[in-house]
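Chemist: What follows is each chain in one-letter form.
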Amino acid sequence: MASASAFLVDKFNGRRLQMEPNGCSRRQNYRYEPTSRMSNTYIAAGTDKPEDIIKDTKLGIYVTNFGGGSVNPTTGEFNFSASEAYIIRDGKVCEPVKGCTLIGSGKEILMNIDRVGDDVDLGQGNCGSVSGSIPVNVGQPTIRIKEITVGGRGGKLE
Amino acid sequence: MKFTKFFDLAKEKGLTSCQIQISRSKALAIKLFHHEIDNYSINDSQSVIACGIYEGKFGSASTEKIDKDTFEYLIDSIIENAKYNEKNTTTELFKGSDKYHKKNVFNKELATIPVEEKLKTLHAVEDGLFAYSEKVNEVEEVGYKEVDSEDEFYNSFGLKLKQHTNYFYIYAYANAKDGESMKTAGDFFIDNNFRAFETKKFVDGIGKKLLAKFGGVQCESGNYPTVLENDVLASLMDYFLAAASSDEVQKKSSFLGGKLNTEVASSHVTIESKPLAKNIFFSYFDDEGVATQNMDIVKKGVLKNYFYNIETAKKDGVQSTGNGRWERGKIGIGFGNIFIKPSKKSFGEMVSHLKQGVFITEIEGLGTGMNEESGDFSCQAQGFMIREGQLAEPLNLITLSGNLLAMLKEVKTFDNAFKLNDNSVSCADVLIKKMAIGGK
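The listed protein sequences correspond, in order, to chains A and B. Under this note's numbering, the first sequence has 63 at position 52, and the numbering climbs by one with no breaks. Under this note's numbering, the second sequence has 615 at position 317, and the numbering climbs by one with no breaks.
Only chain A is shown next, with the shape it has when bound in the complex (with noise of 0.2 Å):
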């Protein structure tokens, strides 16, 4: 089982939190205080071929993009909106989904991962929080979630 090894920490709440910090301090520009911001993160790779995950998953949904979203970072209960994905059938690509919601909370998502791909993939975007819109790079590799609640207005998927 993985585990949290460190925290992003940046000088100011570092103090407060008695830890050192550890470069991470970032901020839009110099009408906000830097705050402990994300800049290259990703999810490290698997072993499994992404065609695998999908040849063995008999119901569930293909996200290919997200259009964004929010996170409580106190609960760690997370929202993300899928701007592209489809239904998996049978360990096929089947149908595009429209207007779908993930959410979930953190803690228990990552520990619901049960398969990670070896393509690692990063993407460049901006990441908005209270120090401002900053630039960061983001990656994962292809992954399976046993199991997330999806809103939509299709009802039940079956």
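Derived from the structure by calculation, the hints contain no laboratory data. Incorrect hints may have been included.
To be verified - Cut-off 30 Å, straight-line C-alpha distance, at most; resulting in silico cross-link-like pairs (DSS-like, lysine-lysine):
hint: 1; chain 1: B; residue 1: K507; chain 2: A; residue 2: K118
hint: 2; chain 1: A; residue 1: K109; chain 2: B; residue 2: K557
hint: 3; chain 1: B; residue 1: K393; chain 2: B; residue 2: K300
hint: 4; chain 1: B; residue 1: K443; chain 2: A; residue 2: K22
hint: 5; chain 1: B; residue 1: K710; chain 2: A; residue 2: K109
hint: 6; chain 1: B; residue 1: K550; chain 2: A; residue 2: K109
hint: 7; chain 1: A; residue 1: K66; chain 2: B; residue 2: K738
hint: 8; chain 1: A; residue 1: K109; chain 2: B; residue 2: K549
hint: 9; chain 1: B; residue 1: K433; chain 2: A; residue 2: K118
Given the structure of chain A, go ahead and fit chain B onto it with the hints provided.
Modeler: Below, chain B alone, put in the same frame as chain A:
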């Protein structure tokens, strides 16, 4: 600042008509963390935005640097901007409305209350939250914001308009822990009468909301009669109102296009735009100098009006509704002070007949979960089950999905919990016949 100089220079340089607006604002912001001041900032700012017609074309310019060269800079920039303007839709500026409904909404007392008293109130909120329950383990943010703004509008036809407003905003977010379970809740209060803020009521409201969340579960996915709390409805209505912008309609990117004088909601829904309502969002002229007016957007379910500025009104052969607002160097559409008519029923009366339903108290992720063109949305939600007409178990990590038009057509009733929200939409809780809830 003598604006006659601006107009003289503009005329000399060849502008046939022009206008200039100056906005000054004084803002105070205080934040507490663990009984200490975490942030204290005073921010005085001013900005000038001007526009004019040069050789039959519209140009605009703005600056925050105000000195003896400002007028010349603005006029030269307007001319340069107009030269590159490929649109020839605005060929003259608005002279002025026949009548303006000016009211004094500035609260003199607010500015005279010493900062110490405001700080004392913040400390009382923080102490109150920590003392509310043993489960409260952190007060993440307690803050105060006060803004005093003055807006002046002048044009080359001699129109002079002035408005002075102020307001304050108190907000707080607290965390509670019960075993492994963590919950957060917060609230805000906005007004310009400092005496209207009641610390105990505010603290109790957050505390009650926070503790009620423990034991939250997911309900079975399905369609339920759904009550949206007033602030949830207010956030959703932002997108409905944006679709009533004539600009969006003319660009064919609004789901309200072609629906004027047709049913867009159930007959229980009446939405009024009341910029002249006497509150902190009062405004009697827009950014083109047009007098604002109160009007119906939706009356008993029928779409009655779009929001217009001068340019979009001209395209549709109607009059501007006083909704012109600066948007990145051009006049776009803005609106404020929206009232959705409540009923006289209490919340209890509204839900008394529901055997089973869902009460949504918070939503997250509408920014990305809303399709602005179609009105389709899907977002994260929290709230409570309603069983046999009573609030039952809390719901957590559920989703709320629907379509704005379909939702408004299914409105059964509102209650009387009428509230002015910080997006300037005043509304009560609403009961919708059926909405899609995602859970287990």
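Chemist: All hints are to be evaluated individually against the structure, with a verdict given for each.
Modeler: Hint check:
no.: 1; hint: K507/B with K118/A; verdict: 23 Å, holds
no.: 2; hint: K109/A with K557/B; verdict: 25 Å, holds
no.: 3; hint: K393/B with K300/B; verdict: 20 Å, holds
no.: 4; hint: K443/B with K22/A; verdict: 26 Å, holds
no.: 5; hint: K710/B with K109/A; verdict: 28 Å, holds
no.: 6; hint: K550/B with K109/A; verdict: 21 Å, holds
no.: 7; hint: K66/A with K738/B; verdict: 25 Å, holds
no.: 8; hint: K109/A with K549/B; verdict: 23 Å, holds
no.: 9; hint: K433/B with K118/A; verdict: 21 Å, holds
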